[in-house]
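Could you put together the complete structure from these sequences and hints?
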Amino acid sequence: MKTDAALVLVSHSERLAEGARELISSMAQDVPILIAAGDGEGGLGTRSEGIVEAVQSANAEHVLLIFDLGSALMNAEMASELLAAEGHEVTVVDAPFVEGAMVAAMALQVGKGVSEAIKEAEASRQQLKKG
Amino acid sequence: MKTDAALVLVSHSERLAEGARELISSMAQDVPILIAAGDGEGGLGTRSEGIVEAVQSANAEHVLLIFDLGSALMNAEMASELLAAEGHEVTVVDAPFVEGAMVAAMALQVGKGVSEAIKEAEASRQQLKKG
Amino acid sequence: MDVTVAKAWFQRYADVISEEKALLTRLDSAIGDGDHGANMARGWKAVQEELESFTGGLSDAFLLVSRTLISKVGGASGPLYGTVFLRMSMALKGKETIDETDWSNLLQQGAEGIAQRGKVTGGEKTMYDVWSVLPQAAEETAQQGEDELTLVTRLAQIAREKADATQEMKATKGRAAYLGDRSIGHKDPGAESTALLFDALRSTLADKGGADHEN
Amino acid sequence: MDVTVAKAWFQRYADVISEEKALLTRLDSAIGDGDHGANMARGWKAVQEELESFTGGLSDAFLLVSRTLISKVGGASGPLYGTVFLRMSMALKGKETIDETDWSNLLQQGAEGIAQRGKVTGGEKTMYDVWSVLPQAAEETAQQGEDELTLVTRLAQIAREKADATQEMKATKGRAAYLGDRSIGHKDPGAESTALLFDALRSTLADKGGADHEN
Ligand SMILES: Nc1ncnc2c1ncn2[C@@H]1O[C@H](COP(=O)(O)OP(=O)(O)O)[C@@H](O)[C@H]1O
Ligand SMILES: Nc1ncnc2c1ncn2[C@@H]1O[C@H](COP(=O)(O)OP(=O)(O)O)[C@@H](O)[C@H]1O
Ligand SMILES: [Mg+2]
Ligand SMILES: [Mg+2]
Ligand SMILES: [Mg+2]
Ligand SMILES: [Mg+2]
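The listed protein sequences correspond, in order, to chains X, U, L and E. With UniProt numbering applied, the first sequence covers 1 to 131. With UniProt numbering applied, the second sequence covers 1 to 131. With UniProt numbering applied, the third sequence covers 1 to 215. With UniProt numbering applied, the fourth sequence covers 1 to 215.
Hints are computed from structural coordinates only; laboratory data are not their basis. Heads up, a few of these hints could be off.
Unchecked claim - These stretches of chain U come out as covered by chain X in the derived footprint (C-beta under 8 Å, 3 or more residues): (1) 11 to 20; (2) 64 to 73; (3) 89 to 98; (4) 119 to 130.
Unchecked claim - Derived pair list, reagent style DSBU-like, types lysine-lysine, alpha-carbon separation capped at 35 Å: (5) L:Lys45 x X:Lys130; (6) E:Lys208 x U:Lys130; (7) U:Lys130 x X:Lys112; (8) U:Lys2 x E:Lys173; (9) U:Lys112 x L:Lys93; (10) L:Lys173 x U:Lys2; (11) X:Lys119 x E:Lys45; (12) E:Lys173 x E:Lys93; (13) L:Lys173 x U:Lys130; (14) U:Lys130 x E:Lys173; (15) L:Lys170 x U:Lys119; (16) X:Lys112 x L:Lys45; (17) L:Lys173 x L:Lys93; (18) L:Lys45 x L:Lys93; (19) L:Lys95 x L:Lys21; (20) E:Lys93 x E:Lys21; (21) X:Lys112 x L:Lys173; (22) U:Lys112 x E:Lys93; (23) L:Lys208 x X:Lys130.
Said to hold, decoys possible - Here are some of the chain U residues that sit facing chain X, going by a computed Cβ distance under 8 Å: (24) Leu23; (25) Ser26; (26) Met102; (27) Val114.
C-beta: ideal position from N, C-alpha, C; glycine also.
Rendered as structure tokens:
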């Protein structure tokens, strides 16, 4: 059975993505969070193929891609084009990596819809953290 | 000899902080980046004592604290009060964890001053990542 | 209340926290990350150990608690309670006892410490919603000329009511704020641990009173 | 130029990248993260291996390059070059040769692919600053009735000039943008690898011309 929504953390660094996942999962326990990170050979980098595989294995109605920097975006957008061709619903979210992923995951955790989760994650950049 | 400036990444997760550091250090090779992460017993959390120790060991004129979420801020502010009493220059930066740390480190890497680095890091939240 | 009673209070609270660890964990699991029980237990166990060899004065006892919580507790509760006890320690500098009329200012210092550390003003569904009402309650009770046990019993009652009342609030600060409306219906863990702190104070003084009578 | 020549081009470029890996690494170390050499070498080595068993047509050869780069290359250059070759492959659907008059449109497709993927419009100090001028150069040279070798020689020259000219530009996209003014004085690595691509094309056709004459 497909879950409603899943997050894929697209990062240059596996440790960064795994750390973000452990932090987020301590709060948003029921939201599937997958990782597409690294150059596939133990080094830093992002690969669209890795993103495609993560999205496919998520088996979710809608997948949100949250990326760290620069080429992670290009690979995420490349992957979503390839995945759209296969009928996958994928959205690349424009949000701070850790903060945005946490907000998106918590929105899903409390039962909000995917578009609400995206909206809240994208708005998270506006929120002062020292507020 | 003291270095001019150093970054301390204050995170609930050691892996998150280490991943952020490896990503940032691949670009900002000469900027000292220290980590204060975890509850000190292998779990998630932040401790002001850990932050104090990281700042002390940085041995820098000015230390920027970049934090991930919630209580990391309280511990960072607690630590900077304790450190200020010892004469340390410490600034808690209000910026997205990964993106802000990268911008601050790169500003220092190219020789900008500390206040410029803080300003750019705090402005990084405004920059759309999909731009 | 002198340093001996203060030590007894802290030791009793450490026992209470150890007994109620599961409750705090359960509350924090519902609207946070589930570590408030572990955080508090770790911190107050360390306080208990430190107190064994402690021989200082009243202000120092509060400072010991502050330092220990700050260094041992991961999470928000470390700096929050750490700041409370630091401010109280400062307010107690040079004093040998806390008298009935001292409580209001002491609690005010603690509450302000939380407000500053947590950037709260009240109504955010945090421990501050308990702390913020205590100074005035202490003030009024002291003005009525009540004795110490009556005063702290009143504080413990109000703290319990306020902690329970956080259940119906919506969180706007701390981790629970991520839950928005879903935070309603769950009691705030930090408010609960605060209620337990004042109940431990009450029972410490009640036992002491009993002991005093027996002597 | 037919599929055989296209394959020869890609194979030669793979050799060039392997030889110039250190140069690309050095350029990317100055204004990026130092992996452009490794990224390109990994991707084009895989292209070379895939081509060994490849027997398809012209469009498919470009598709093979695209797919291989996309799947093998970590970093920006994977999706960027991957998109270039994907768009070219689409433009070549059903064609058996690339004629002099085809180059302009083919390069236009590639350049647009980069513009979309990288969200650049020109002047950002990226490989696009090389790609963006090539379609018009091809158009003009073809209109002058020049032969294929002359045309690609012209492309290679312009690509080299434009790549070298990135040295004096300030980066506003990609990793080098973090350096701001400090990016000035360093050549863009992706612009350099693009110049090498067209030089490999030129030398492939020059050798083929020599070989054709010998036959
Ligand atoms: N900004 C804040 N201001 C006041 N109290 C807060 C704030 N954030 C959290 N708290 C209190 O801290 C408690 C949680 O403590 P704990 O679970 O130990 O830390 P953490 O939230 O870091 O996991 C909450 O129940 C709340 O009472
Ligand atoms: N947004 C962009 N648009 C166009 N080209 C870009 C963009 N970002 C980077 N590039 C190109 O990619 C090159 C860097 O590639 P590479 O080092 O392999 O990837 P990464 O930057 O991810 O490490 C740059 O030199 C530049 O030419
Ligand atoms: Mg907690
Ligand atoms: Mg915690
Ligand atoms: Mg690079
Ligand atoms: Mg890279």
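Checked hints:
Restraint check on the stretch 11 to 20 of chain U versus chain X: 10 residues with Cβ-Cβ distances below 8 Å, three needed, restraint holds. With 4 residues having a beta carbon nearer than 8 Å to a beta carbon of chain X, the stretch 64 to 73 of chain U meets the requirement of three or more and the stated coverage holds. Under the rule that three or more residues need a Cβ within less than 8 Å of chain X, the assignment of the stretch 89 to 98 of chain U holds, with 6 such residues. Against chain X, the stretch 119 to 130 of chain U contributes 5 residues with a C-beta closer than 8 Å to a partner C-beta. That satisfies the three-residue criterion, and the hint holds.
As the CA atoms of Lys45 (chain L) and Lys130 (chain X) are separated by approximately 31 Å, the hinted pair is consistent with the 35 Å bound. Note on Lys208 (chain E) and Lys130 (chain U): the hinted pairing is violated, with a Cα-Cα distance of about 44 Å set against a maximum of 35 Å. Among the hinted pairs, Lys130 (chain U) with Lys112 (chain X) is consistent with the structure: their alpha-carbon atoms are about 24 Å apart, no more than 35 Å. About 34 Å separates the Cα atoms of Lys2 (chain U) and Lys173 (chain E), which keeps this hinted pair within 35 Å; it holds.
The hinted pair formed by Lys112 (chain U) and Lys93 (chain L) fails the criterion: a straight-line CA distance of about 45 Å is larger than 35 Å. Under the criterion of a C-alpha separation no larger than 35 Å, the hint pairing Lys173 (chain L) with Lys2 (chain U) is inconsistent with the structure, at around 38 Å. Among the hinted pairs, Lys119 (chain X) with Lys45 (chain E) is inconsistent with the structure: their alpha-carbon atoms are about 42 Å apart, more than 35 Å. The suggested pairing of Lys173 (chain E) with Lys93 (chain E) holds, with an alpha-carbon distance near 32 Å, which does not exceed 35 Å.
A hinted pair counts as satisfied when its Cα atoms are at most 35 Å apart, and Lys173 (chain L) with Lys130 (chain U) qualifies at roughly 29 Å. For the proposed pair Lys130 (chain U) and Lys173 (chain E), the alpha carbon gap of about 11 Å is at most 35 Å, so the pair holds. In summary, the hint linking Lys170 (chain L) to Lys119 (chain U) is supported, as the alpha carbons are separated by about 34 Å, within the 35 Å threshold. Using a Cα cut-off of 35 Å, the hinted pair Lys112 (chain X) and Lys45 (chain L) is violated, with the two alpha carbons roughly 40 Å apart.
Simply put, Lys173 (chain L) and Lys93 (chain L) have alpha-carbon atoms about 32 Å apart, close enough for the 35 Å limit, and the pair holds. Only pairs whose Cα atoms come within 35 Å are accepted, and Lys45 (chain L) paired with Lys93 (chain L) is accepted, the gap being roughly 25 Å. Our distance criterion of 35 Å between C-alpha atoms is met by Lys95 (chain L) and Lys21 (chain L), whose separation comes to about 33 Å. Among the hinted pairs, Lys93 (chain E) with Lys21 (chain E) is consistent with the structure: their alpha-carbon atoms are about 32 Å apart, no more than 35 Å.
At roughly 20 Å between alpha-carbon atoms, Lys112 (chain X) and Lys173 (chain L) fall within 35 Å of each other, so this suggested pair holds. Between Lys112 (chain U) and Lys93 (chain E) the CA atoms are separated by roughly 51 Å; this puts the pair beyond 35 Å, and the hint is violated. Between Lys208 (chain L) and Lys130 (chain X), the direct Cα distance comes to roughly 44 Å. Violation of the 35 Å bound is thereby established for this hinted pair. Of the supplied interface hints, the one on Leu23 (chain U) holds, with its beta-carbon coming within about 5 Å of a beta-carbon of chain X, less than 8 Å.
At about 6 Å, the closest approach between the beta carbon of Ser26 (chain U) and any beta carbon in chain X falls short of 8 Å, and the interface hint on this residue holds. For Met102 (chain U), the suggested interface contact is upheld, since its CB lies about 7 Å from the closest CB of chain X, less than 8 Å. Given hint, Val114 (chain U) at the interface with chain X, is violated; its Cβ is 18 Å from that chain's nearest Cβ, farther than 8 Å.
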